[in-house]
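> Protein chains in written order, with this note's numbering: chain A, 1 to 256; chain B, 1001 to 1253.
To be clear, the hints were calculated from the coordinates, so they are not data collected in a lab.
Be aware that one or more of the hints could be misleading.
To be verified - Pairs of lysine to any residue residues, derived as SDA-like cross-links and limited to a Cα-Cα distance of at most 25 Å, are as follows: (1) B/Lys1052 / A/Lys45; (2) B/Lys1069 / A/Tyr141; (3) A/Lys2 / B/Gly1012; (4) B/Lys1078 / B/Gly1037; (5) B/Lys1078 / A/Pro138; (6) B/Lys1045 / A/Gly228; (7) B/Lys1015 / B/Gly1027; (8) B/Lys1203 / B/Met1172; (9) B/Lys1063 / B/Glu1207; (10) B/Lys1052 / A/Tyr141; (11) B/Lys1015 / A/Gly224; (12) B/Lys1052 / A/Ser180; (13) B/Lys1069 / A/Lys45; (14) B/Lys1133 / A/Val136; (15) B/Lys1045 / A/Glu48; (16) B/Lys1052 / B/Gln1014; (17) A/Lys45 / B/Glu1111; (18) B/Lys1133 / A/Glu48.
Bear in mind the structure is a predicted one, so any value in this text is a computation, not a measurement.
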Amino acid sequence: MKNLLNALGLGVMWIVSEMGRMMLLFLESIIWTFRPPYRLFLIIKQMEFVGVKSTLVVIITGLFTGGVLALQTYYGFKMFSAESLVGATVGLSMTRELGPVLTSLMVTGRAGSAMAAEIGTMRVTEQIDALSVLAVNPVEYLFVPRVIAGVIMLPILTAISDFLGILGGYFVGVVLLGISSGAFINKLIQYVDLSDLYNGLIKAACFGLILTFVGCYKGYTTYGGAEGVGRATTQAVVMASAMILIADYFLTALMF
Amino acid sequence: MIRLVDVEKSFGEQKVLNKLNLTIEDGKITVIIGRSGEGKSVLLKHIIGLLKPDAGEIWVDNKEITHLKPRALNEVRKQFGMLFQEAALFDSMTVGENVAFPVREHGNMGEKEIDKLVLTLLKEVGLEGIEDKMPSQLSGGMKKRVGLARALALNPQIVLFDEPTTGLDPIMTEAIADLILETREKFGITAVVISHDLPLTFKIADEIAMLYEGKVIHKAPPEEFSKTDIPIIQKFLNAQKLTRPPKNGGEVT
Chain A
1 MKNLLNALGL
11 GVMWIVSEMG
21 RMMLLFLESI
31 IWTFRPPYRL
41 FLIIKQMEFV
51 GVKSTLVVII
61 TGLFTGGVLA
71 LQTYYGFKMF
81 SAESLVGATV
91 GLSMTRELGP
101 VLTSLMVTGR
111 AGSAMAAEIG
121 TMRVTEQIDA
131 LSVLAVNPVE
141 YLFVPRVIAG
151 VIMLPILTAI
161 SDFLGILGGY
171 FVGVVLLGIS
181 SGAFINKLIQ
191 YVDLSDLYNG
201 LIKAACFGLI
211 LTFVGCYKGY
221 TTYGGAEGVG
231 RATTQAVVMA
241 SAMILIADYF
251 LTALMF
Chain B
1001 MIRLVDVEKS
1011 FGEQKVLNKL
1021 NLTIEDGKIT
1031 VIIGRSGEGK
1041 SVLLKHIIGL
1051 LKPDAGEIWV
1061 DNKEITHLKP
1071 RALNEVRKQF
1081 GMLFQEAALF
1091 DSMTVGENVA
1101 FPVREHGNMG
1111 EKEIDKLVLT
1121 LLKEVGLEGI
1131 EDKMPSQLSG
1141 GMKKRVGLAR
1151 ALALNPQIVL
1161 FDEPTTGLDP
1171 IMTEAIADLI
1181 LETREKFGIT
1191 AVVISHDLPL
1201 TFKIADEIAM
1211 LYEGKVIHKA
1221 PPEEFSKTDI
1231 PIIQKFLNAQ
1241 KLTRPPKNGG
1251 EVT
């Protein structure tokens, strides 16, 4: 019993200290975002890494998600002779939920993990200590450009995903399944509001913040050599994905 | 001058530094020796403020650095250069960008001047024509030389060397030892070297300090240091005079 309580206490202490450390680093990142030096070159470099290099995977995800959504909803709606609502369903699902969430999860897998691995390697090879010794704040140098890039690029990628998702839905619904093009587009315009689109993009910006910060945090707190880098990378993907899904619930509850 | 006064540091239950006192004089090469795991690197990280002591004071010139805020600590750090054990070059940058990094961050130089300085620094450490290479293309010895060039870029007053010859062959070890001596001659730096390489230590040291059980148990110039009768120091010095067990009962040393 004593051992159980001891283990429980240690577990709680670990969680509290981890959360505290995360919160302190988060606040430090926010403060450094608004303080010079402003590293435009590094921000652009990270925007290219997070955004441009994720475009292909986002295109594929968006296109096929919209397609499969149209396919699934078509058979359901057909039972009620409501096939014309496929366009609206695809539009609403993509802009409100699937666009931001799937894009963020894909970018977490591609860029969030790479950030954790890169910064983790820098930690175990003393490159982060070298930054400190050279009088450069590692949080300002490593976290801020990545987090800014995530917040800017995720809405852009999500907009691409939304558009291609609807295009995929249109192709499957209209071209393959024979729904009327006019009905598809009319219902889409009728039911999908502009607020659905920009609330989805705001969500994407929040997810961009989460995935880049978690990637940086897990890399920054890496210990234990190559094994530690592997562990940090896995944890970054799992933690960021879970946090994105949890945040998605609360943001949806607030916005819609 | 660097002064550590009653410095204490523990990691969990393990006390690594235990009321450690040490003075490092200006313009001298002080080599800190000790067994593996004695806390030599921990001591070095305290000197440059990468670690904060649990108790005690660390003075760099007339500033006590343990309570400095990050910005003030960074100002103190600009007086330092540090060569890490594995050089710690930024692997996403070329050699030239690595050496130029501190100057781009803190200097007021134009790009042409920076390029010129990079070439000069690389020449000083015996490397020319490698500024466009990536760190992954360099040997261990070359990496350390580039690390030293980067450490010297801001013209520091104090340079810290963390095990500068670990993993190097004897010829490269000799070259690095010469480089440390030349650096001191040319730049007039104060050097603090962490090592357990005794030939290197006796070649370059003006002062040798022995770290044992969290304390500096003896500090003296090399000749005096080797004559001390402190048993653990004699054991440490004698342990590196490698001997081979005799094959037929005869003595082979």
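> Next step is simple, just say for each hint if it's right about the structure.
Checked hints:
no.: 1; hint: B/Lys1052 / A/Lys45; verdict: violated (34 Å)
no.: 2; hint: B/Lys1069 / A/Tyr141; verdict: holds (18 Å)
no.: 3; hint: A/Lys2 / B/Gly1012; verdict: holds (22 Å)
no.: 4; hint: B/Lys1078 / B/Gly1037; verdict: violated (28 Å)
no.: 5; hint: B/Lys1078 / A/Pro138; verdict: holds (15 Å)
no.: 6; hint: B/Lys1045 / A/Gly228; verdict: holds (22 Å)
no.: 7; hint: B/Lys1015 / B/Gly1027; verdict: violated (31 Å)
no.: 8; hint: B/Lys1203 / B/Met1172; verdict: holds (14 Å)
no.: 9; hint: B/Lys1063 / B/Glu1207; verdict: holds (23 Å)
no.: 10; hint: B/Lys1052 / A/Tyr141; verdict: holds (22 Å)
no.: 11; hint: B/Lys1015 / A/Gly224; verdict: holds (21 Å)
no.: 12; hint: B/Lys1052 / A/Ser180; verdict: violated (71 Å)
no.: 13; hint: B/Lys1069 / A/Lys45; verdict: violated (31 Å)
no.: 14; hint: B/Lys1133 / A/Val136; verdict: holds (24 Å)
no.: 15; hint: B/Lys1045 / A/Glu48; verdict: violated (36 Å)
no.: 16; hint: B/Lys1052 / B/Gln1014; verdict: holds (16 Å)
no.: 17; hint: A/Lys45 / B/Glu1111; verdict: holds (20 Å)
no.: 18; hint: B/Lys1133 / A/Glu48; verdict: holds (23 Å)
Violated hints for the displayed structure, listed by number in ascending order: 1, 4, 7, 12, 13, 15.
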